[in-house]
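Here is how the chains run, residue by residue.
2 protein chains.
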Amino acid sequence: MTTRELIASIRRKQSFLCVGLDVDLNRIPLHLLEEEDPIFAFNKAIIDATHDLAVAYKPNIAFYEAYGVKGWEALRKTMNYLNAHHPGIFTIADAKRGDIGNTSSMYARAFFEDLGFDSVTVAPYMGRDSVEPFLAFKDRHTILLALTSNSGAFDFQTRKLEGRELYKEVLETSKKWNNSSNLMYVVGATKAEYLEDIRRIIPDSFLLVPGVGAQGGSLEEVCKYGMTPDVGLLVNSARAIIYASKDRDFAAQARKAAGELQQQMEHILNR
Amino acid sequence: MTTRELIASIRRKQSFLCVGLDVDLNRIPLHLLEEEDPIFAFNKAIIDATHDLAVAYKPNIAFYEAYGVKGWEALRKTMNYLNAHHPGIFTIADAKRGDIGNTSSMYARAFFEDLGFDSVTVAPYMGRDSVEPFLAFKDRHTILLALTSNSGAFDFQTRKLEGRELYKEVLETSKKWNNSSNLMYVVGATKAEYLEDIRRIIPDSFLLVPGVGAQGGSLEEVCKYGMTPDVGLLVNSARAIIYASKDRDFAAQARKAAGELQQQMEHILNR
Chain A
1 MTTRELIASI
11 RRKQSFLCVG
21 LDVDLNRIPL
31 HLLEEEDPIF
41 AFNKAIIDAT
51 HDLAVAYKPN
61 IAFYEAYGVK
71 GWEALRKTMN
81 YLNAHHPGIF
91 TIADAKRGDI
101 GNTSSMYARA
111 FFEDLGFDSV
121 TVAPYMGRDS
131 VEPFLAFKDR
141 HTILLALTSN
151 SGAFDFQTRK
161 LEGRELYKEV
171 LETSKKWNNS
181 SNLMYVVGAT
191 KAEYLEDIRR
201 IIPDSFLLVP
211 GVGAQGGSLE
221 EVCKYGMTPD
231 VGLLVNSARA
241 IIYASKDRDF
251 AAQARKAAGE
261 LQQQMEHILN
271 R
Chain B
1 MTTRELIASI
11 RRKQSFLCVG
21 LDVDLNRIPL
31 HLLEEEDPIF
41 AFNKAIIDAT
51 HDLAVAYKPN
61 IAFYEAYGVK
71 GWEALRKTMN
81 YLNAHHPGIF
91 TIADAKRGDI
101 GNTSSMYARA
111 FFEDLGFDSV
121 TVAPYMGRDS
131 VEPFLAFKDR
141 HTILLALTSN
151 SGAFDFQTRK
161 LEGRELYKEV
171 LETSKKWNNS
181 SNLMYVVGAT
191 KAEYLEDIRR
201 IIPDSFLLVP
211 GVGAQGGSLE
221 EVCKYGMTPD
231 VGLLVNSARA
241 IIYASKDRDF
251 AAQARKAAGE
261 LQQQMEHILN
271 R
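Chains as they are written, first to last, in the numbering used here: chain A, 1 to 271; chain B, 1 to 271.
None of these hints come from the bench; they were simulated from the model. Ideal Cβ positions, reconstructed from N, Cα and C, are used throughout, including at glycine. Please note: incorrect hints may appear among the correct ones.
Just so you have them, the derived chain A footprint on chain B, three or more residues with Cβ under 8 Å [claimed, not checked]:
| # | stretch |
| --- | --- |
| 1 | 124-136 |
| 2 | 149-162 |
| 3 | 166-172 |
Residues from chain B that keep clear of chain A, each with C-beta distances beyond 10 Å, as calculated [what the hints assert, rightly or not]:
| # | residue |
| --- | --- |
| 4 | Thr2 |
| 5 | Ala8 |
| 6 | Gln14 |
| 7 | Tyr81 |
Using the sequences and the accompanying hints, generate a full structural model.
What follows is the structure, given as structure tokens:
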């Protein structure tokens, strides 16, 4: 999907909501455990209930790998379902990968070609040649970790690398990489006050913003400092939506939680 | 596996060789493609031919994910084979994972519990709470990226964070994390001259050293600066061993290549 198509989808749906599909079998409704593929059954129900409210879905790959081959099969079925029934929805493999060049190429093939994702999250620690193999894919997006939502972000990311915070050096340096127009960045909602500085370095890039809701970040703050004329934001919510209820009404409750966020977003977009 | 058992295995085999199982279907002998599971067939042949010469095997997970469910199945079969037939061999999931706490826990379960690896490689960018879920597993090891073998290592790792190179800050900071005795570190052989400084910060920790062979690193240099009284090194070689031949004699040629490295290691250990 091109960035232009993503922006059009945001305008049409009046939403920049990304729903995190982080499926934990201990947290889904009990009756789904009787299904042949509980993870896919859960995802399908969530997608069916929220696809008009969300512009993106983001499975965190850890939750699938934890279930081995079955998890991987559920991930593939989820992607096939999304790409067949909702090709206009942006898909994010939250994988936080990154390795030496020929190995990153294998990861890029896995997520872009084999599974058909529009984008994948990548860690910057190994530098340019670990990221460029992802950037080489046309109309696919590489979402680089910049400033994450967790407390460990303060261990290295916010400390000064040669006079400037590491996460800013990541932003600045990555702009010089080949096909850097395919870059987006992860910036946690719990660190919204940093967004003003971030927008000075990358005024137009899309940001994937986790941490609204369960982790405590504020949608208002994120939009105040992070929004661009083309919106430039994908705000992720996972637990607050997909685990809104553990009962048979879980999909309806997920829709309700997603709808509340979408309404807030529509309000902000029309201000 | 405990560190003590790993050291005993190194002494017994007179080897600190790790064989990288980075299986690319375009590079394995053609006749194996007729097998039901070519990746596992290849790994089994390599393991059968080299298990007395190597103390560790390291599948790079990217190469398995690139083949989707089939790749994941081949990885599981490989791990089952290793754990059933060679329980004394140390296994490394070269995954370079790392995410917020509850997600890192899922990755840790995937590699330690579901697949039965002794260790997993983890990226440090997200800091303490992204790594400690891995460290919580007793007698399992977390191999933190410190100074990698690729050119991109110079983008951030070797630059100064508050006066000291980022990779040194990673080493120093990680020593304070819970269960840090379960830490090992990745240090590329292509940067052997940095090992003297590294040993001042972590005098005893085991280092996983990629980059000998195809990437140009020198075994002699690595040992000169990196070896400890308990050896403290696992030197990885992948392509030079597993792709020593693309013909029917590939396993014998892999054994020959592994044997040459083991002989050099035995020589160094007895100097």
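### Query
For the stretch 166-172 of chain B, does the count of residues with a C-beta closer than 8 Å to a C-beta of chain A reach 3?
holds (count 3)
### Task
Verify that the Cβ of Ala8 of chain B lies farther than 10 Å from every Cβ atom of chain A, and report whether the claim holds or is violated.
holds (31 Å)
### Query
Just checking, Tyr81 of chain B versus chain A, shortest CB gap more than 10 Å?
holds (16 Å)
### Task
Can you take a look at whether the stretch 149-162 of chain B is actually covered by chain A? Rule is 3+ residues, C-beta closer than 8 Å.
holds (count 13)
### Query
Minimum Cβ separation between Gln14 of chain B and chain A greater than 10 Å?
Answer for Gln14 of chain B: holds, closest chain A Cβ roughly 29 Å.
#### Entry: 10 Å cut-off, C-beta based - Thr2 of chain B kept clear of every residue in chain A
holds (25 Å)
### Query
Does the stretch 124-136 of chain B contain three or more residues whose Cβ lies closer than 8 Å to a Cβ of chain A?
Since 8 is at least three, the answer is holds.
Comparing the model with each numbered hint stated earlier shows that all of them hold.
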